[in-house]
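Those sequence lines, one after another, are chains A and B.
Heads up: the first sequence is residues 1 to 282, going by my numbering.
Heads up: the second sequence is residues 1 to 264, going by my numbering.
By construction, these hints were calculated from the structure, which means they are not laboratory data.
A couple of the hints might just be wrong.
[Unchecked claim] Quick partial rundown of chain A residues pointing at chain B, CB under 7 Å, derived from the structure:
hint, residue
1, Y188
2, V260
3, L267
In this text, a Cβ means the ideal position worked out from N, Cα and C, and glycines have one as well.
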Amino acid sequence: MRFFLWLFLWLFRWLSTWLFVPRHGRALYESLAGAIAFSIVVLAVLSAAPNSIRKYTIRAVTLLAGAFFACEFLYPVHSMPTGADPAHRGNFLTPYVFTVTTFALIVSAWTVGLGLLNLAQLHGKRLIRGGENAIYSAAFFFGLISVGIIGLLQKPHANAINKNLYTLLYTGALQNLDATVFSIIAFYIVSAAYRAFRVRSIEATLLLATAIVVMLGQTSIGQVMTSHFPTAMHTEVIRDWIMSQPNAAAVRAINFGLAVGSLAVALRVWLGLERGSFFDSQ
Amino acid sequence: MEHANTLARCALITFSVVIVAMIFIAGKRDLYIRRIQGLTAIDEAIGRATEMGRPMVCLTGLGINGGIEIVVLQALAIVTYIVRSSAKFAARAICPVYDPQMVPVTEEAVRDAYSLAGRPDRFNPNDILFLTSRQFAFAASVSGLIWREKAAACFLFGYYYAESLILAETGQMVGAIQVAGTPATTQIPFLIAACDYVIIGDEFYAASAYLSREPTLLGSIVGQDISKGLMLLSVLVGVLLTTVCGLLATHGAQIFALWFTQPP
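Sequences are here, hints too, so could you generate the full structure?
Take a look at the structure:
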């Protein structure tokens, strides 16, 4: 068992030092072409494989990847000083965390292309069919192509035109649009609160009273209203007590349950015990 | 990188053993799980959508760190139950997706759900939409979708941030029945104010077991409850020790607390 573990780690170390050496010029393009070709071969093999083999391959990869991170977290650590961090601590798996995480990031980067393909297919069909919403599909392609090209150009060719266009599109347009949608929440909070805070039952009345006290405590008018009362009756003091005592206790209790629940689901997925359409067709 | 200290190591291994053991025991015994009103309301919402002839919008949330995560997969498990139930009644389910990595997973899950319901012909790949990976662009897109399609039911399962209120209020404005479930404690108040039914805390993780009644999943819920009982026991022991040691002016409570706080 120790021999196989040693062999696995040696292979992993050799592969990671060979794969992750920085390359330049012709060697870089050859490596990229090789990586793309390898990925296409792997995808083709997986697609052609029967369902049962694919299922067991996915389970095996999930088990190994989960086992790596679980062991790395649980195995006792010792001092492993590095140049950047003399106080660094880790175990024998810690040096490989970066490599394994990079593998996962590279696989996830492929899926960005899948998302783009999905969008392009949908909006492409709408544009070809025409109709009243085709203009929005045209806007999608215009935005995708323009921001894509400017975003790609503004790093290698960082001239004034590219930088200004990028600033205009990203900071000027996109971030402002984000802020616009975010600011709708202020109005939605009012409408949601108007509907929710009604005197329908004892609990609802208690909720309403607590909400009024907390809201007054957050604003200066509440503090002015109760400034002449004893300190314990100031709205901001009551607000602080409500938020730090009963509210915090309830949130922590929910978080305990969530932590154990997520552990249970993670174990089910990791060990292949999860049942459902996309885990194990019945 | 974070690493476990002694107590975290023992607790994690103990809870894992308990949960896995209960999963294997569950196959041999019938286990009881209490009624969760929000999940019972899912069938009501599907029925409403069928009667009104309007589609349902099923969301799996934004996730915590992006990518394929436990929270999003759990939300997808609930959505596949919804799709499987709705397939029998020919109600259309639209599933907008936030993360591109979830697009193929969601497509396959929804396709399998229709197949399992005996209606593979009802699967429409155009109903699995990747919209965008930007938070408020996603909120605006989904709001527009709910508004245009006049959704009869909205299901908001998964991890949300500030956009949860935008999505829930838009559903409220079109008159949709809304069922939400999130592990995001900061968004629970907004969803409770804007949605008809909300499942909170670990009811979200119990949902797939509750809906499917699979013995293995029910076993994991019982294992979770036993683990929570052990956690509660440690909290009670800590409270008692702190009280008693505080009264007797001894250091016993600090020694107990050190087990929780010592570095790895």
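Failing hints, ascending? none
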